[in-house]
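S.K.: Here's the letter readout for the chains.
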Amino acid sequence: MIDEQRLSAIAAVADTLIPPADGFLSGAQAGIPGHCLNAAVEARPDLVPTLDEAVAEISAGTSAPDLVARWSTERPDSFDSLFLLVRGAYFLNHQVCQRLHYDGVTAHPLSQATAPDYLDLVETVVASGPRYRNINSGSKK
Amino acid sequence: MVKKLKATNYADVCIVGAGPSGAVTAKRLREAGFSVTVLEQGDWPDYSKSRGDHDDFELRQDLDWQWNPNIREARADYPVDDSESDISALMWNGVGGSAVVYAAQWMRNAPSDFRVKTLDGVGDDWPMTYEDLVPYYEQVETDIGVSGLDGDPAYPEAKGYPMPPVPLGVGGRMVAEAMNRLGWHWWPGTNAIATRSYRHLNPSAQRGDCMWGFADQSKGTVDVTHWPDLIKAGVTLRTRSRASRVTVDRHDRANGVEYFDQNGVARFQPAGIVIVCANGVGTPRLLMLSESPSHTSGLANSSGLLGKRLMMHPASSVIGLFDEDLGTERGSWGQNLYSLQFYETDLTRGFVRGAKWGLQPSGGPQRTTGSYPWSSVPIWGEGFQAQLQRRLGRSILWVSCGEDLPDENNYVTLDPTTTDSNDLPAAKLVYRTSENSTRMLDWHNERMAEALREAGATEIIVAPQIRQSGWHLLGTAVMGTNPETSVVNEWGETHDVHNLYIFDGSVWPTSSGMNPTATITALALRWADHLVRERKEVSLA
Numbered sequence: 001m002i003d004e005q006r007l008s009a010i011a012a013v014a015d016t017l018i019p020p021a022d023g024f025l026s027g028a029q030a031g032i033p034g035h036c037l038n039a040a041v042e043a044r045p046d047l048v049p050t051l052d053e054a055v056a057e058i059s060a061g062t063s064a065p066d067l068v069a070r071w072s073t074e075r076p077d078s079f080d081s082l083f084l085l086v087r088g089a090y091f092l093n094h095q096v097c098q099r100l101h102y103d104g105v106t107a108h109p110l111s112q113a114t115a116p117d118y119l120d121l122v123e124t125v126v127a128s129g130p131r132y133r134n135i136n137s138g139s140k141k
Numbered sequence: 142m143v144k145k146l147k148a149t150n151y152a153d154v155c156i157v158g159a160g161p162s163g164a165v166t167a168k169r170l171r172e173a174g175f176s177v178t179v180l181e182q183g184d185w186p187d188y189s190k191s192r193g194d195h196d197d198f199e200l201r202q203d204l205d206w207q208w209n210p211n212i213r214e215a216r217a218d219y220p221v222d223d224s225e226s227d228i229s230a231l232m233w234n235g236v237g238g239s240a241v242v243y244a245a246q247w248m249r250n251a252p253s254d255f256r257v258k259t260l261d262g263v264g265d266d267w268p269m270t271y272e273d274l275v276p277y278y279e280q281v282e283t284d285i286g287v288s289g290l291d292g293d294p295a296y297p298e299a300k301g302y303p304m305p306p307v308p309l310g311v312g313g314r315m316v317a318e319a320m321n322r323l324g325w326h327w328w329p330g331t332n333a334i335a336t337r338s339y340r341h342l343n344p345s346a347q348r349g350d351c352m353w354g355f356a357d358q359s360k361g362t363v364d365v366t367h368w369p370d371l372i373k374a375g376v377t378l379r380t381r382s383r384a385s386r387v388t389v390d391r392h393d394r395a396n397g398v399e400y401f402d403q404n405g406v407a408r409f410q411p412a413g414i415v416i417v418c419a420n421g422v423g424t425p426r427l428l429m430l431s432e433s434p435s436h437t438s439g440l441a442n443s444s445g446l447l448g449k450r451l452m453m454h455p456a457s458s459v460i461g462l463f464d465e466d467l468g469t470e471r472g473s474w475g476q477n478l479y480s481l482q483f484y485e486t487d488l489t490r491g492f493v494r495g496a497k498w499g500l501q502p503s504g505g506p507q508r509t510t511g512s513y514p515w516s517s518v519p520i521w522g523e524g525f526q527a528q529l530q531r532r533l534g535r536s537i538l539w540v541s542c543g544e545d546l547p548d549e550n551n552y553v554t555l556d557p558t559t560t561d562s563n564d565l566p567a568a569k570l571v572y573r574t575s576e577n578s579t580r581m582l583d584w585h586n587e588r589m590a591e592a593l594r595e596a597g598a599t600e601i602i603v604a605p606q607i608r609q610s611g612w613h614l615l616g617t618a619v620m621g622t623n624p625e626t627s628v629v630n631e632w633g634e635t636h637d638v639h640n641l642y643i644f645d646g647s648v649w650p651t652s653s654g655m656n657p658t659a660t661i662t663a664l665a666l667r668w669a670d671h672l673v674r675e676r677k678e679v680s681l682a
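Chains as they are written, first to last, in the numbering used here: chain A, 1 to 141; chain B, 142 to 682.
Hints in this document: simulated from the structure, not taken from any laboratory.
Just a few of them, taken from the derived set where beta-carbon distance is under 8 Å, the chain B residues facing chain A: (1) 200; (2) 260; (3) 297; (4) 512; (5) 522; (6) 525; (7) 527.
The calculated lysine to aspartate or glutamate pairs, modelled on EDC-like cross-linking and capped at a C-alpha distance of 20 Å, are: (8) B:373 / B:172; (9) B:300 / A:123; (10) B:677 / B:153; (11) B:190 / A:46; (12) B:258 / B:549; (13) B:190 / A:42; (14) B:373 / B:184; (15) B:300 / B:272; (16) B:147 / B:390.
All C-beta atoms, glycine included, are put in the ideal place defined by N, C-alpha and C.
All chains, please: the whole structure from these sequences, using the hints.
M.R.: Following this line, the structure appears as structure tokens:
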């Protein structure tokens, strides 16, 4: 298969799974294929055979929407692997993460200076009194 | 056979397994002057593979830190045939044990958990009380590093935790306020997660990676909190050393452990005392592998109960989706808060015993667009972006841990066909979720949904029960005072072999509805303490 065919098939799968909407990039616009997919493949080489299989089917004439729809119902494990890789690549795009306001991998260390955010609320629980079961009588204390 | 194997240096005590109970036991025994050798089939965790601080964290999390040994297939893992089990056993075979990948939710058992038979007529009572364990809970909480808030009225008064709890967060506060309105119990989460610098631990960076390699060394696991100090103190830790048999002499006393070293060479570790800490699957497996002409059904199995009464805590999850930004795409993972409102038996509910709930963040974009716990088919296509924005940071989940009743029809045995990399028979599980558990999960799902709706959730998703939930492997070497109905006595000593002990979750007579590491380690410390007192005057060599 020539590279262009492969890239086209991957882009079709990516845009089927993640089409553009609400100002968000589509899968292909986010670098699938491209730098994001390359990084995802480096992270999860075990998922590449599934991608290759999808590409082969599309290159043989199956449309990307048909393939995705069929795999999602008939081959859920393959679908999960394919979708994991594609959206994994998608979320490696910094523009996407910025748009989502997602910075989950950035450290936000807790510190002693962090004010407790529970003190006003536990008062109600404490006021209810002991509630563990009395092991002698079986009733709540 | 023993004579053919190359023997290593004699140890007063040989412990099998370098997980939480093995480490706690080794610490106490070494402090008392015992020479201690620990055999661990796995290696040290490779934290260079921690990705919590990398963009590809969620993509890789189930690759390097996979919980299921059958999927992970690491060198240290032995196969576990779960084809006849509703639940797959999850574990980590290596220094630190399964706590390397636990969520670090740290719950003491409730006082009633030790009197289940007396109170509710099911299972068995434990040959000890909650009060017996309190000083040991307090010690392990200090040693491992637990954060939490004292004064929970669901427990008797006790000494506080060494660190304050993780924050409730926006979502946690909304749920706590709702619980107060409902008049339902809740309390800030107790976790083996550091909330400030504490001994070997750093404060949580709230990346949500505690179950996947925790990049910031903020989770209390014994490979971090215990083992480096134990090795300095003189404990011998043999990694990549798989125990294959506990041997006994002609007087039926354990005299050591045969094992395969990292090169596959069969060796023998002579010892005066053997303590097995290999979890609820690994422990019965090893003792079954230790059969001999005088112990034809496995070592310490005169009761016939070795491997039986497997309990695994069927779990369920309920997600609440909110219009507000809850900030739940990150956080300590962990529980923000827990509830014991419906922990005790109320027969009008249609089942006996109850469950603990823990409230957790829902995770980053990869996790919130995956299949579990959201639905059986992940979102894709036209709805992807809308659902992503609906879920990410705007969802929070309850996870329930329901008490699993002991049943001799649920068991661990040796697999007749499959072997591990040392040609030792694999483990096989036979386990069916009970009607009681199913009713309990369904009922608790409804209550958890009710709490989330009260908190303002505009949509509720009840996650399907899944196979990958066998975190808590309990009950397969039951403790009790009667040798005919139990494997070990109230001090963890096997009834059949008087210098062979089991100090892990295998010994639990009932499962409670709590995350078990707190009680497993407290029990191990109590028993190690007893062993020290009992053997103080005995010349072990």
